[in-house]
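Visitor: Given next are the chains, with one letter for each unit.
Number of protein chains: 2
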Amino acid sequence: MSRDVYPEYPPDVSELQLRDIVTSAQDWSIAHGLAVRPSPTSVSKSQDPTTSLAVTAPVTLFPSPFPRNCFDDALSIQEAYNELYARIASEESWLKGVVEELVGIDEFMAELWNIHKKVKDEGYVQDLSLGLFRSDYMVNIDADNTTSKASLRQVEFNTIASSFGGLSSQVSALHKFLLKSGIYPPDISSLKENDLIESNSARLLASGLAEAHNAYGPGKTSLPNCVLFVVQTPERNVFDQRHLEYPLIYDHSIRTYRLAFSEILEHTHLDSTRTLIYTPPHSPSTPHEVSTLYFRAGYAPTDYTSPDSWSARLHLERSRAIKCPSILTHLSGAKKIQQVLATPSSPHLSHFLSDSITSSSVLATFAPIYPLDTSPAGQHARSLALNPATAANFVLKPQREGGGNNIYRSKIPAFLKSIPESQWPAYILMEMINPPPLKNVILRNGEAQKGGVIGELGVYGVMLWRNKIEEGEHTGVAEVLMNKEAGYLLRTKGDTSEEGGVAAGFGAVDSVMLVDV
Amino acid sequence: MSRDVYPEYPPDVSELQLRDIVTSAQDWSIAHGLAVRPSPTSVSKSQDPTTSLAVTAPVTLFPSPFPRNCFDDALSIQEAYNELYARIASEESWLKGVVEELVGIDEFMAELWNIHKKVKDEGYVQDLSLGLFRSDYMVNIDADNTTSKASLRQVEFNTIASSFGGLSSQVSALHKFLLKSGIYPPDISSLKENDLIESNSARLLASGLAEAHNAYGPGKTSLPNCVLFVVQTPERNVFDQRHLEYPLIYDHSIRTYRLAFSEILEHTHLDSTRTLIYTPPHSPSTPHEVSTLYFRAGYAPTDYTSPDSWSARLHLERSRAIKCPSILTHLSGAKKIQQVLATPSSPHLSHFLSDSITSSSVLATFAPIYPLDTSPAGQHARSLALNPATAANFVLKPQREGGGNNIYRSKIPAFLKSIPESQWPAYILMEMINPPPLKNVILRNGEAQKGGVIGELGVYGVMLWRNKIEEGEHTGVAEVLMNKEAGYLLRTKGDTSEEGGVAAGFGAVDSVMLVDV
Chain A
-6 MSRDVYPEYP PDVSELQLRD IVTSAQDWSI AHGLAVRPSP TSVSKSQDPT TSLAVTAPVT
54 LFPSPFPRNC FDDALSIQEA YNELYARIAS EESWLKGVVE ELVGIDEFMA ELWNIHKKVK
114 DEGYVQDLSL GLFRSDYMVN IDADNTTSKA SLRQVEFNTI ASSFGGLSSQ VSALHKFLLK
174 SGIYPPDISS LKENDLIESN SARLLASGLA EAHNAYGPGK TSLPNCVLFV VQTPERNVFD
234 QRHLEYPLIY DHSIRTYRLA FSEILEHTHL DSTRTLIYTP PHSPSTPHEV STLYFRAGYA
294 PTDYTSPDSW SARLHLERSR AIKCPSILTH LSGAKKIQQV LATPSSPHLS HFLSDSITSS
354 SVLATFAPIY PLDTSPAGQH ARSLALNPAT AANFVLKPQR EGGGNNIYRS KIPAFLKSIP
414 ESQWPAYILM EMINPPPLKN VILRNGEAQK GGVIGELGVY GVMLWRNKIE EGEHTGVAEV
474 LMNKEAGYLL RTKGDTSEEG GVAAGFGAVD SVMLVDV
Chain B
-6 MSRDVYPEYP PDVSELQLRD IVTSAQDWSI AHGLAVRPSP TSVSKSQDPT TSLAVTAPVT
54 LFPSPFPRNC FDDALSIQEA YNELYARIAS EESWLKGVVE ELVGIDEFMA ELWNIHKKVK
114 DEGYVQDLSL GLFRSDYMVN IDADNTTSKA SLRQVEFNTI ASSFGGLSSQ VSALHKFLLK
174 SGIYPPDISS LKENDLIESN SARLLASGLA EAHNAYGPGK TSLPNCVLFV VQTPERNVFD
234 QRHLEYPLIY DHSIRTYRLA FSEILEHTHL DSTRTLIYTP PHSPSTPHEV STLYFRAGYA
294 PTDYTSPDSW SARLHLERSR AIKCPSILTH LSGAKKIQQV LATPSSPHLS HFLSDSITSS
354 SVLATFAPIY PLDTSPAGQH ARSLALNPAT AANFVLKPQR EGGGNNIYRS KIPAFLKSIP
414 ESQWPAYILM EMINPPPLKN VILRNGEAQK GGVIGELGVY GVMLWRNKIE EGEHTGVAEV
474 LMNKEAGYLL RTKGDTSEEG GVAAGFGAVD SVMLVDV
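Chains as they are written, first to last, in our numbering: chain A, -6 to 510; chain B, -6 to 510.
One chain only, chain A, in its complex shape:
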């Protein structure tokens, strides 16, 4: 068995060469906004009370090799994925069947579903939905196969707060700069400029928000319209978000505001037509009508610190603003949905994607995923998960977004035994992906560490659609206003860690160097 699909990489560099690359990368990154606010452990609030310091975002010093066929597949399939998730989010009866399995065991899902039900009872006043999606993949090498053919395996599909689209554009530009300017050692023959792939994710995601803003129309009031970013505070990853805001103003002349999730009720209200009005606290005389709500908060239970948080989410969902995402779209990103689609022999994928070629292209990216319920498939999965020998091939994932919650391999049996069996259906069991070995150098807080890494490719998608709403119920997609692939993200983590979220401090933003394997 040969799992070495990539060329020898990255090239050996001396300590002095490495320092030169680090210095060049650190200066370029700050000069081009490839930055984050420093962590509170490295710079305390008292040292920088007004948050004026910044630091180079965690990045790889070299682009990572990525199989050309896998990259092409991932990009070309994105529109099908956009359509799939728009159809899921707009077919309430189907979604209900899946989500209602969870409401007894996952309080967060239950609360989201309750919001949908309340707004449904009152009647939705906005039939447009915006998705800024990201489908995440790893490259898989079949460990039993001597051909070493690389293929894509989907890790997850994000329907809310898909991050790093702003920084991804910058890191691909950084790697191109280091190559073009000759800062990489001249003997890197494996690096060719044409194989380094730019990501235009920042501008493309912004164009999605602009499309929604424009589709919203002139509004119900005489107030100026705006796009409202709903954010966490403090937000270390603020520049990633700002890189979406700047093209909105520069390319589309659209005003954006940022509002903390915790301050929604204080600074917004609904008028009699449920038009959402935002009154900037610093400028009370210039209220704005919100065309589009872009959630970069509200995806994790920790954002909901009090009953007011849920009132705020309901308040926004009731509004006429276009939500990115709506509650139904948010729910569609549950791991349970992914599992239902990806359980071997599932009929659901072809229900949503009737074209068989499209459907089988999407299907080819699924890793086998099992429920942990009491169905026959679930019973089979339970036996796999409880046996340490077979559990070693799996990861256990909760429904929720965000890193830090997964249980890996040998830890699965003990974990399951530590929680009530009634909770087991809140998890899905997913076959581990076997990525080919790869090395790179990760730069974090000025320290460069070389070692084995694992890359995760995310492909962004913009989907703006009109839901068919009949007698108050979402019954399908009435019209697609925009469906496009919107650039990519490569996140790379040390292979000693089994989590990949850069925001959580475990990984780095990377870019793709295509290789033929």
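Treat the hints as calculated values from the structure; they're not laboratory data.
Being a predicted model, the structure only gives us computed values, none of them experimental.
There's no promise every hint is true.
A pair holds if it fits inside one copy or across any two, identical chains being indistinguishable in the list.
Taking lysine-lysine pairs in the DSBU-like style, the calculated list, with each CA pair at most 35 Å apart, reads [said to hold, decoys possible]:
hint, residue 1, residue 2
1, K173, K213
2, K169, K142
3, K142, K461
4, K477, K213
5, K142, K111
6, K477, K173
7, K38, K410
8, K477, K89
9, K185, K89
10, K113, K142
Following the hints, put chain B in place on chain A, whose structure we already have.
Guide: Chain B only, in chain A's frame:
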């Protein structure tokens, strides 16, 4: 008498509005490289050993009003100034007369002149000189004149290491962003986008370096050519310099390297034709031929820490590389030269600028400057400087570049008495300029301070010329290859301080809002 020539400015904003502008400015600035490395007093070396942190550069929150006629005058006169200083730097016999007055009393000038003499004895091997100049002005209101007509007064002319051209481009873009995006309060009727003036100084200065690089030609060796930035270490203002390096690679495909002034002898050598070879310490196998030396160090005596420093400067001056600036050009920036030109009834200006219209346009920007020597003009100046009543209208300046060395007004008599009279000719006495009162808000390290400010306009110039060298002596300008105005800088300082160097920590980078006064 009315000295209020500007509209009420800046507008009153509430504390919340101010915080919103600060947050927006701080995020935008890091996202666009309008940054400096933090000072060692705010972030210690041990806290950030690899220099990964950055902070918003000191900036004004609003563009400052500037009289349209003065701004237009300053830009339109720049080519004449470029020509004037190229002619001064290339007429050795004239320069010698001025500089030799100083060599007995100013050791720094003497050392520079010695370098020139040594290279002259051996024979110069490069007849091209590059100047990236900056002519600095303040707006003057005649205190005795009830018309309040604003006019320009030159503060100084910089022939070496003219800084902030990189950041200036960014701050004019910041102010335009804050206006365009509606972050400034909507009731600032005085702010109009067309009156906010972009500075393209970064790209224009880079184009000057590119012109010199190309004029250098294919070189004497088979090595790749490069532009070498000679820099101080550590350099907090590194992004200002990087913003010149990036267009060199992006727009001109020219490789740049950065070399500490203290490491010149270690990493460069001259071959038998005095071609300058730079061997990057991190890449010894790829030596480069240096086409152009760009000094961002070596302008202050403090850069010359040992005899080796002078050997290094001599070593570079001997080389075939085009110097920005050459020793003669560096010497031409001495305050003594400015004084000789600007002493009332001086014949020297018309010697260099024979066109009387050009000459009188330049003359109109001179503030009266007197020598402190034993000439009749010098005797008159000494009496003005020693009398506290008259000294109050003057500033005493040494020959050298950089802030922090000027003696103001009432402090002049005591200062002169504290040094030997033989040292007095090392200083010039310049009439103080009376700028119109103005307010702005300066943002520094996250703190916004509103108050009275004074602005200093710098206009950049690029001048590339061939010296006429006859029998080893510089006898004039043989050919002008490039002469252009290259954008502007507005530096603004609190009017309680009497120094204006932002690098020295006393001021902020600003941009121009034109007003008709």
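Visitor: Within a copy, between copies, both or neither: where do K142 and K111 come within 35 Å Cα-Cα?
Guide: Neither way: K142 and K111 sit 49 Å apart in one copy and 69 Å across, limit 35 Å.
Visitor: With identical chains, the pair K477 and K89 could be close in the same copy or across copies; at 35 Å between alpha carbons, which is it: within, between, both, or neither?
Guide: within (27 Å within a copy, 70 Å between copies)
Visitor: Between the shortest in-copy and the shortest cross-copy C-alpha distance, which are at most 35 Å for K38 and K410: within, between, both, or neither?
Guide: neither (41 Å within a copy, 49 Å between copies)
Visitor: Using 35 Å as the alpha carbon limit, work out where K169 and K142 are close: within a copy, between copies, both or neither.
Guide: Within one copy only: 28 Å inside, 52 Å across.
Visitor: Can you tell me if K477 and K213 fall within 35 Å by alpha carbon in one copy, between copies, both or neither?
Guide: within (29 Å within a copy, 53 Å between copies)
Visitor: What label fits K185 with K89 when the C-alpha limit is 35 Å: within, between, both, or neither?
Guide: Result: close neither inside a copy nor across copies, 50 Å intra and 54 Å inter.
Visitor: Can you give me the call for K173 and K213, within, between, both or neither, at a CA distance of at most 35 Å?
Guide: Between copies, since 24 Å is at most 35 Å while 51 Å is not.
Visitor: For the identical chains here, do K477 and K173 meet the 35 Å Cα criterion within one copy, between copies, both, or neither?
Guide: both (30 Å within a copy, 29 Å between copies)
Visitor: How would you label the pair K142, K461 (within, between, both, or neither) given a Cα cut-off of 35 Å?
Guide: Neither, since 42 Å and 69 Å both go past 35 Å.
Visitor: Measure nothing new, just compare the shortest in-copy and cross-copy C-alpha distances for K113 and K142 to 35 Å and report within, between, both or neither.
Guide: Classified as neither: same-chain Cα gap 48 Å, cross-chain 69 Å, threshold 35 Å.
When the structure is compared with the earlier hints, violations turn up for hints 3, 5, 7, 9, 10 and for no others.
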